[in-house]
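**Q** Below are the chains, spelled out letter by letter.
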Amino acid sequence: MASRPEVFDSGEWIDWCPGCGNFGIVTALRKALAELGLEPHQVVIVSGIGCSGKTPHFINAYGVHTLHGRAIPFATGIKLANPDLTVIVSGGDGDLLGIGAGHFVALGRRNLDIAVMIHDNQVYGLTKGQASPTLPYGVKTKALPKPNLQDPVNPLMLALASGYTFVARAFSMDVEHLKKIIMEAVKHPGAAVIDILQPCVTYNDVYTAQWYRERIYYLDREPGWDPVVRKEDERVEKLSKAMIKAMEWGERVPVGILYKDETRTTLEERIEKRVPSYRKAPPAKQRIEVQGRPIINRRYFEELFKRYLVEVED
Amino acid sequence: MASRPEVFDSGEWIDWCPGCGNFGIVTALRKALAELGLEPHQVVIVSGIGCSGKTPHFINAYGVHTLHGRAIPFATGIKLANPDLTVIVSGGDGDLLGIGAGHFVALGRRNLDIAVMIHDNQVYGLTKGQASPTLPYGVKTKALPKPNLQDPVNPLMLALASGYTFVARAFSMDVEHLKKIIMEAVKHPGAAVIDILQPCVTYNDVYTAQWYRERIYYLDREPGWDPVVRKEDERVEKLSKAMIKAMEWGERVPVGILYKDETRTTLEERIEKRVPSYRKAPPAKQRIEVQGRPIINRRYFEELFKRYLVEVED
Amino acid sequence: MQELDEIRFLIGGAQGTGLETAAQVLTTAYAAQGYRVYSFREYYSNIKGRHSYIGVRVNSGTQPAAPRASYHVIAAIDAESVFMHLDDAGKDTLFLYNADLESRKLSGLPAIEEETKKYIRETLAGSGYGDSLGEAIRYIKEVKGARPVPLSFNKVLSEFAESRGIKVFAARRYANTILIAAIALMTGLGPDKLRRGFERRFANRPRIVEDNMALAGIVAKELEQYKNMVPVRRPKRKPRRLIVLSGNDAVAMGKVVAGMRFQSYYPITPAQDESFMLENIENLETSQGQLGGVVVLQTEDEIAAITAAIGAALAGARAATATSGPGFDLMVEALGWAGINEVPVVITLYQRGGPSTGLPTRGQQADLLDALFASHGEFPRIMIASGDHEEAFRDAVLAFNLAERHQTPVIHVLDKFIANSIVTMEPPTPESLEIDRGALVENPDKDYKRFSLEHPVSPRVFLGTPGTVVWYTGDEHNEVGYISEDKVNRRLMYEKRMKKLEIAAREIPEEERATLYGDGGDFLLIGWGSVKGAAIEALKVLQDEQGLDGAYLHVRMMEPFPARYVSKIIEEYGVGRVIDVENNYTGQLARIVAMNIGHIVRKRVLKWTGRPIYVDELVHAVPRVLGGEKEVEVLEYGI
Amino acid sequence: MQELDEIRFLIGGAQGTGLETAAQVLTTAYAAQGYRVYSFREYYSNIKGRHSYIGVRVNSGTQPAAPRASYHVIAAIDAESVFMHLDDAGKDTLFLYNADLESRKLSGLPAIEEETKKYIRETLAGSGYGDSLGEAIRYIKEVKGARPVPLSFNKVLSEFAESRGIKVFAARRYANTILIAAIALMTGLGPDKLRRGFERRFANRPRIVEDNMALAGIVAKELEQYKNMVPVRRPKRKPRRLIVLSGNDAVAMGKVVAGMRFQSYYPITPAQDESFMLENIENLETSQGQLGGVVVLQTEDEIAAITAAIGAALAGARAATATSGPGFDLMVEALGWAGINEVPVVITLYQRGGPSTGLPTRGQQADLLDALFASHGEFPRIMIASGDHEEAFRDAVLAFNLAERHQTPVIHVLDKFIANSIVTMEPPTPESLEIDRGALVENPDKDYKRFSLEHPVSPRVFLGTPGTVVWYTGDEHNEVGYISEDKVNRRLMYEKRMKKLEIAAREIPEEERATLYGDGGDFLLIGWGSVKGAAIEALKVLQDEQGLDGAYLHVRMMEPFPARYVSKIIEEYGVGRVIDVENNYTGQLARIVAMNIGHIVRKRVLKWTGRPIYVDELVHAVPRVLGGEKEVEVLEYGI
Ligand SMILES: Cc1ncc(C[n+]2csc(CCOP(=O)(O)OP(=O)(O)O)c2C)c(N)n1
Ligand SMILES: Cc1ncc(C[n+]2csc(CCOP(=O)(O)OP(=O)(O)O)c2C)c(N)n1
Ligand code: SF4
Ligand code: SF4
Ligand SMILES: [Mg+2]
Ligand SMILES: [Mg+2]
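Those protein sequences? They're chains F, C, Y and P, same order as listed. Quick note: the first sequence, position 299, residue 302 per this note's numbering, numbers continuous. Quick note: the second sequence, position 296, residue 299 per this note's numbering, numbers continuous. Quick note: the third sequence, position 386, residue 395 per this note's numbering, numbers continuous. Quick note: the fourth sequence, position 62, residue 71 per this note's numbering, numbers continuous.
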């Protein structure tokens with residue numbers, strides 16, 4: 004049952020710069036969680052380090068503000084230990100696509116049911132405005148001494164190449180749309196990623212809210228746009244189409260769902276196949292002791308480790 | 004002027020398993036270096052850790068056998084400090100696409116003139132046969148206790164998404180073809196990657212030489228295949244085509260050059276724009292002292308750091 | 010022949026030629042007779058082709074726990090194994106080799122490294138011998154007093170091939186069985202008993218068992234004259250069952266018993282076998298059904314391994330990761346996060362030869378100071394170092410109890426010498442062990458504060474617990490977990506964390522953190538980890554052979570360090586009679602002792618060749634160091 | 010008014026409101042008069058909105074190098090800054106605040122953290138005051154004896170807006186100028202001199218300079234009565250030029266002078282400003298043309314940063330990386346690689362508040378033991394810790410000389426208190442410094458061996474040198490660099506590396522590794538890093554005010570540790586009169602001392618609030634600790 008978004012307001016003062024695009028993300032996230040009918044204790048927001056990294060503190064839900072670049076593997080452990088939790092990763096573009104790129108790729112490969120929100124502001128906000136991995140070559144944002152030397156990585160392309168089964172883009176200033184995308188991502192069973200275009204009012208004077216407003220268009224309003232893979236043999240075609248959309252950047256910038264693969268099993272399902280008790284009794288919920296003693300007694304021990312036992316002949 | 008491949012034989016005993024696909028790589032590499040007319044001291048082979056990581060020891064050239072996953076950033080420092088060197092990275096699939104995936108992505112973004120050879124054997128050879136990031140879901144190679152849980156990452160897709168300007172695949176058992184591809188990769192100015200299908204005879208009983216032989220076909224023999232981007236506006240189209248080829252895996256497995264972008268500037272060129280002396284006097288070749296004293300004397304010091312100086316008024 | 014209390018043999022051959030199988034077959038066969046077995050393995054960082062060997066001790070009374078430098082039998086499967094073990098051949102050692110290879114030259118063996126060839130060549134030349142295998146055998150016989158046992162492998166294998174109707178080519182794969190058979194024969198392990206070993210190794214493959222037994226018969230016939238030459242006495246005591254396990258297995262078993270249900274890892278020698286073993290029994294299948302399951306996750310790197318384990322621990326699972334030095338290096342940042350967030354996560358650290366990639370398949374004890382201070386800033390951690398398999402098992406359980414009780418990361422340190430050696434052990438009685446999950450809250454009230462300053466250890470909730478929410482952050486935080494830079498909060502929150510170490514120090518008796526073995530007053534050895542086995546046995550030998558009566562202080566916990574106890578013991582002896590024994594260069598334990606109690610133990614016996622400390626070399630070194638001949642004695646036995 | 014030898018002021022305001030500009034303008038203006046200035050800054054890990062402040066000392070004689078707890082002027086730009094600095098207001102402190110805000114309530118200021126609010130509320134309530142700004146001002150006046158200086162910012166800014174024909178809204182951005190003007194007025198910095206400060210800050214923007222001067226005029230008129238209230242004496246000595254620089258700048262300058270031409274980094278506080286500064290002058294442009302260029306590479310993470318630097322060093326460049334704790338953690342594995350491969354790479358480590366993300370914009374000295382033992386296994390490293398900006402500059406040069414001479418990684422340790430404080434310094438004379446590139450081979454002959462065992466330090470070739478090739482590997486290697494697991498090679502190669510530390514210890518005089526300041530016999534302070542400034546000044550104050558005559562032993566090199574020298578000095582005093590002063594909890598230097606020389610210094614003055622040690626609190630603590638009242642005195646001055 005949907006609750007009010009305020010339920011997800013932690014009450015902590017938000018110390019982002021006035022006007023920062025992150026405000027839209029927090030608002031959309033609170034709304035999405037409320038509309039999904041979740042309760043605060045069922046949700047874990049996992050973040051990295053950066054302005055974006057502070058997000059969990061502003062959400063009334065379990066919050067894990069981890070290390071720079073490591074939100075994804077932290078989230079992986081949380082989700083695998085207790086798959087009943089709704090686990091959402093909130094990270095910066097530097098965090099997820101620079102220092103954390105290896106984990107970003109690995110999550111795609113795993114298709115674990117986690118939704119990843121990239122706060123894509125093209126800069127390292129909290130360290131004062133250096134180029135992030137999404138800033139294009141030759142662009143000079145405010146705090147850079149010289150124009151950027153490196154080419155950007157395209158978060159959507161990287162996500163598609165890595166195997167994410169849900170890939171979308173949204174704009175942090177369109178809270179309603181972003182909310183919907185977040186809800187879709189959370190509902191999607193498997194690894195989902197949302198590239199959120201998030202203006203940094205303090206350091207990014209190139210990709211401003213205005214810049215985006217002039218270019219954004221909505222895929223769901225495009226006639227015939229259907230990003231969903233419903234059968235395995237549609238995969239290559241849908242993936243190719245998604246990639247072509249992902250490369251569109253300049254005059255027009257698409258937002259919305261680029262790709263959604265409903266055919267791949269999640270890691271949880273795969274584990275369950277191997278460990279039948281997994282869903283019923285995941286690691287975090289198993290009884291491991293009886294009155295302060297190991298549940299594995301001598302008899303069980305000998306059964307479990309049978310192959311290490313040698314019966315001594317008389 | 005081309006020399007003989009034996010010039011590049013270090014004479015060290017190769018302790019790979021008899022029949023290992025890596026032998027083909029070493030042979031092809033020696034031949035390629037010889038045909039490129041390089042001398043041993045002009046070449047640096049940089050590797051990670053794994054069976055593949057031993058490669059530099061078998062090549063008579065400067066060899067840097069680094070840490071697991073870190074060959075690319077080591078190579079980056081080497082190349083930037085002395086851009087006259089021919090720098091080649093040789094790494095395992097686990098090394099480059101698992102633990103090193105973040106660096107792999109970053110090199111694509113940088114388009115630094117380095118050629119990367121992925122020894123793609125779908126397993127962690129040196130640690131005894133665990134699944135590497137290229138092993139498909141559900142496959143059980145010899146040493147795995149259970150079938151693989153995770154989906155594979157496609158090295159070519161990842162390379163294309165990351166911005167490599169030269170992306171190719173080769174088969175380690177076709178030494179002549181591989182040699183040619185290596186030569187192309189080395190000659191290509193910018194970040195190049197070759198996914199080398201390398202049978203591991205000890206641990207990979209699924210993707211065997213035989214398996215490949217039955218499926219491989221050569222792109223350069225495909226009528227009309229032209230992977231080269233000669234003008235910026237061809238980029239999206241060629242990239243899309245390359246990606247579709249990259250996804251082909253099963254009945255038919257393409258080898259050859261998938262993508263070659265001649266339009267993007269290299270990092271070296273970009274640096275030179277900012278530091279005009281860079282090519283003439285790169286970091287490794289600058290004179291920094293005069294008779295044991297800093298080349299930057301008091302006068303130069305005051306000029307360089309003018310903005311920190313305050314003239315004291317009388 | 011006189012029966013021996015213990016027999017020792019060494020089998021050598023190229024990697025990939027079945028040495029491990031040979032050792033397993035023999036070990037199980039002896040264990041099934043009630044013998045206590047210890048076997049250690051040396052191998053290159055290589056998959057196939059380089060020389061490898063396994064040293065085995067079979068004892069009729071006590072459990073051996075360290076290598077000894079003298080062997081009753083050495084069995085060489087190839088030419089390399091003859092050249093490599095010249096030093097190991099002693100007086101009367103039966104030295105089995107392939108007589109077909111007599112003309113082989115050292116220089117024609119590329120698998121032996123140049124430096125080693127030089128060493129071997131010098132050894133032979135030093136006594137006037139050439140570098141062919143025949144010469145090496147003469148050297149072994151004439152100089153070392155060993156008894157060469159030539160055997161034509163070709164002959165034996167041809168006969169075998171013929172008798173079993175297989176190709177000679179196929180028969181070659183059974184070369185390792187020749188070693189098994191020869192050793193069984195010489196040590197008096199009869200065919201029935203040997204068969205048990207084969208049966209166990211090749212369960213459900215009776216054909217292979219028969220093949221092996223047939224070949225063993227042929228070998229026995231050929232070597233008839235050596236039968237029972239080094240017979241071992243019947244075991245003094247026969248337990249009903251024995252476990253045959255490696256150090257990796259011991260830890261894995263401890264973890265399962267402790268209730269660990271999540272392990273994330275990235276493969277690395279010599280840690281990985283622990284995770285494989287866990288993966289294999291992930292279902293916890295018993296006669297009463299599935300007792301639960303262990304999720305074992307192979308991650309993309311060690312950073313992911315530890316952070317995933319921390320995540321799982323936050324969610325409420327007992328969670329761990331296992332690695333060795335290079336992997337540990339990558340975990341350092343997350344270790345600090347676990348520290349500031351008071352997360353009970355266990356890191357099993359298997360030391361190997363460093364620095365850097367070092368000697369990845371060899372052993373060392375050189376990560377102690379690193380592990381003790383790893384990660385920037387200050388936070389409490391607990392560090393346990395096990396000295397043998399029994400300790401490894403119990404400490405694996407203890408690690409989780411301490412982690413949850415004190416809400417700190419726990420580093421459980423082992424080394425390759427323990428990880429890769431295989432011993433016999435009586436099955437433990439898990440019921441006698443405690444599970445202490447520390448302070449937990451299942452139904453938090455409104456005022457619940459995860460990091461309450463009321464007590465240093467604040468009760469935990471798991472992620473997902475209804476009734477509250479909690480924030481975790483690597484930043485300094487306030488009582489609910491929100492970032493706080495306030496100076497007063499900072500001081501108190503920092504103190505809260507650090508005080509937990511004082512509490513742990515108060516709660517864990519110092520005598521459990523360090524143990525004194527022996528009570529001789531002549532000298533005191535001090536050591537840790539795998540030194541234990543060699544040290545305790547050396548005490549006995551020194552007493553028996555030289556009348557020197559010493560004791561061994563085994564330090565098992567480095568943090569909280571048992572300062573008072575160690576201080577007391579060292580002062581009883583006087584620091585001049587204390588000898589630090591470590592498998593490293595800088596005497597890391599001695600440095601920790603100095604740091605904690607101010608006594609600098611300067612007498613040291615050290616080793617850093619990557620090989621284990623042999624009882625014999627320690628026995629030799631102690632009187633020299635004690636007598637003041639040398640302050641530091643450097644060991645280097647073992648190729 | 011009596012002229013003062015030194016004036017001290019504090020300016021406070023929200024982040025993003027121009028405090029740094031204010032401090033710069035004033036600092037340059039004073040420096041241009043020949044004053045020696047020291048300014049330190051406290052700020053939150055936040056971009057805009059949280060409270061920040063800068064404390065400045067302007068001295069007419071010597072260079073200050075640590076904060077003092079008493080200010081002549083405190084200037085608060087907002088309400089937060091009044092509440093935050095109640096403690097800093099002392100007797101007669103001129104406390105400027107915005108009179109328009111008198112009714113503001115503490116509870117209505119969300120930028121102040123709850124814990125801090127509680128602290129402030131308790132402070133006020135403890136003396137019977139409420140929590141409005143008006144009450145706070147009364148408290149400051151009545152309890153602390155300060156002199157409130159109310160000023161209506163609205164009034165001043167409206168007048169300013171009108172006079173300059175700009176919108177009041179736009180005028181608000183000049184609020185920081187009010188602080189500048191007030192301080193200049195009170196301390197006797199005349200308008201012409203102040204103008205110099207503005208001119209320099211706003212070079213080529215005369216309009217802004219005029220705006221500022223106009224506003225300053227209005228402020229001066231309003232505050233006429235405070236003019237020259239705390240005048241500072243003319244400087245005793247006037248150098249021709251002064252550099253105004255931060256610790257980050259000092260290191261960057263040292264690196265450029267040292268010939269470093271490659272720096273790879275990943276942004277992190279408080280290290281990043283060093284790399285930006287390098288990026289800015291990358292072209293080494295002089296009147297004689299380009300002297301070369303520095304390649305500054307922003308990498309994808311710290312692992313890439315250090316490995317790229319190592320690669321560049323192998324290629325022959327002097328190469329470095331700069332980071333702080335979390336980044337250093339990620340560099341640990343590669344550090345060991347540099348160690349085993351004998352690579353001269355420099356790591357500049359700026360300590361900040363830990364553990365983990367900790368207090369990322371605050372300071373601490375708690376990474377010493379970590380840095381000393383980081384990375385598994387054993388290898389030589391050299392560690393230098395600078396105590397002030399001059400040392401930071403010289404040590405940056407020294408680091409490269411030692412790295413290349415001994416072919417080891419060098420860790421150059423600083424802390425946030427040095428990195429982010431700004432001082433005046435006389436320009437150095439680089440000609441007086443040495444560049445020692447160590448043993449190099451340009452024309453290797455056929456027998457060249459990179460890791461020749463002949464000497465511990467084997468001559469290097471750069472990658473690409475004709476005439477040879479070389480292999481590097483993280484595995485144990487032989488003389489040419491090929492992997493070797495041979496035991497003899499292992500022993501010798503390991504010793505070769507470790508011996509280099511002994512050579513370094515022999516070559517670098519112990520008196521350069523630790524320096525004794527003062528010669529009083531009453532007590533000995535021992536410390537390192539930024540403690541230096543506070544300790545040396547505290548000696549003087551203790552002598553002047555309490556007749557206590559002590560000395561300060563400043564340890565600048567932790568590896569090789571100056572054991573004999575430190576031992577000698579400590580023994581001269583007797584360990585009971587030695588006080589360890591550190592900005593950490595566990596007394597890390599004291600632990601290193603114990604480890605090296607066996608003396609456990611138990612008297613300690615420690616601080617871990619993330620704030621610097623103030624001279625005054627140290628002065629207060631020393632006699633207490635010395636007198637035995639307490640063994641450890643914990644400091645916590647500074648909000
Ligand atoms: C290991 C490590 N390296 C560097 C830092 C410093 N750091 C803090 S935030 C940040 C970058 C933040 O950029 P991004 O991820 O894009 O987040 P944003 O602030 O833009 O939201 C960095 C480099 C750190 N905390 N940890
Ligand atoms: C930090 C670190 N973690 C783990 C290892 C152990 N390790 C050595 S090789 C290897 C995997 C090798 O696999 P791959 O990169 O595919 O190379 P291959 O052996 O297949 O050529 C691993 C995990 C290591 N050396 N360093
Ligand atoms: S710096 Fe940019 S991203 Fe960070 S809070 Fe300010 S506006 Fe937002
Ligand atoms: S394990 Fe596989 S990859 Fe490694 S050497 Fe053997 S065959 Fe080659
Ligand atoms: Mg960002
Ligand atoms: Mg591989």
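Simulated from the structure, these hints should not be mistaken for lab results. Any given hint could turn out to be false.
[As the list claims (entries may be wrong)] For lysine-lysine, the following BS3-like pairs were computed, each having C-alpha atoms within a straight-line distance of at most 25 Å: (1) P:508 x P:458; (2) C:145 x F:276; (3) F:145 x F:190; (4) C:276 x C:309; (5) Y:150 x Y:164; (6) Y:202 x F:309; (7) F:276 x C:149; (8) F:145 x C:276; (9) C:143 x F:143; (10) Y:126 x P:458; (11) F:143 x F:190; (12) C:143 x Y:126.
[Stated by the list, open to error] From the derived model, a few chain P residues whose C-beta atoms are all more than 10 Å from chain C: (13) 29; (14) 113; (15) 126; (16) 153; (17) 232.
Fair warning: this is a prediction, and the values are worked out from it, not measured in the lab. Note that CB positions come from ideal geometry on N, CA and C, so glycine has one too.
**Q** If a hint holds in the structure, say so; if it does not, say that too.
**A** Outcome of the hint check:
Proximity of residue 508 of chain P to residue 458 of chain P is assessed by CA-CA distance (about 18 Å); at most 25 Å being required, the pair is judged to hold. Of the supplied pair hints, the one linking residue 145 of chain C and residue 276 of chain F holds, its CA atoms being roughly 20 Å apart against a limit of 25 Å. Our distance criterion of 25 Å between C-alpha atoms is broken by residue 145 of chain F and residue 190 of chain F, whose separation comes to about 38 Å. Note on residue 276 of chain C and residue 309 of chain C: the hinted pairing holds, with a Cα-Cα distance of about 24 Å set against a maximum of 25 Å.
Taken as a hint, the residue 150 of chain Y and residue 164 of chain Y pair is honoured in the structure, with Cα atoms around 24 Å apart against an allowance of 25 Å. This hinted pair checks out: residue 202 of chain Y and residue 309 of chain F have alpha carbons roughly 20 Å apart, not beyond 25 Å. With a CA separation close to 11 Å, the supplied pair residue 276 of chain F and residue 149 of chain C stays within the 25 Å bound. Taking the CA atoms of residue 145 of chain F and residue 276 of chain C, the gap is about 20 Å. The hint holds against a cut of 25 Å.
The straight-line distance between the Cα atoms of residue 143 of chain C and residue 143 of chain F is roughly 50 Å, outside the 25 Å bound, and the hint therefore fails. Between residue 126 of chain Y and residue 458 of chain P the alpha-carbon distance is near 19 Å, which keeps this suggested pair within the 25 Å criterion. Between residue 143 of chain F and residue 190 of chain F the CA atoms are separated by roughly 38 Å; this puts the pair beyond 25 Å, and the hint is violated. Pair hint residue 143 of chain C plus residue 126 of chain Y does not hold up; C-alpha atoms about 40 Å apart against a cutoff of 25 Å.
The beta carbon of residue 29 of chain P is kept farther than 10 Å from every beta carbon of chain C, the shortest such distance being approximately 15 Å. With a least CB separation of 38 Å from chain C, residue 113 of chain P remains clear of the 10 Å interface cut-off, as annotated. Every beta carbon of chain C lies more than 10 Å from that of residue 126 of chain P, the smallest distance being close to 40 Å; the non-interface claim holds. Remark: the non-interface label on residue 153 of chain P is consistent with the geometry, its nearest Cβ contact in chain C lying 35 Å away (cut-off 10 Å).
In this structure residue 232 of chain P is separated from chain C by more than 10 Å, as the shortest Cβ-Cβ distance comes to about 25 Å.
In summary, the structure is inconsistent with hints 3, 9, 11, 12 from the numbered list given earlier, while agreeing with the others.
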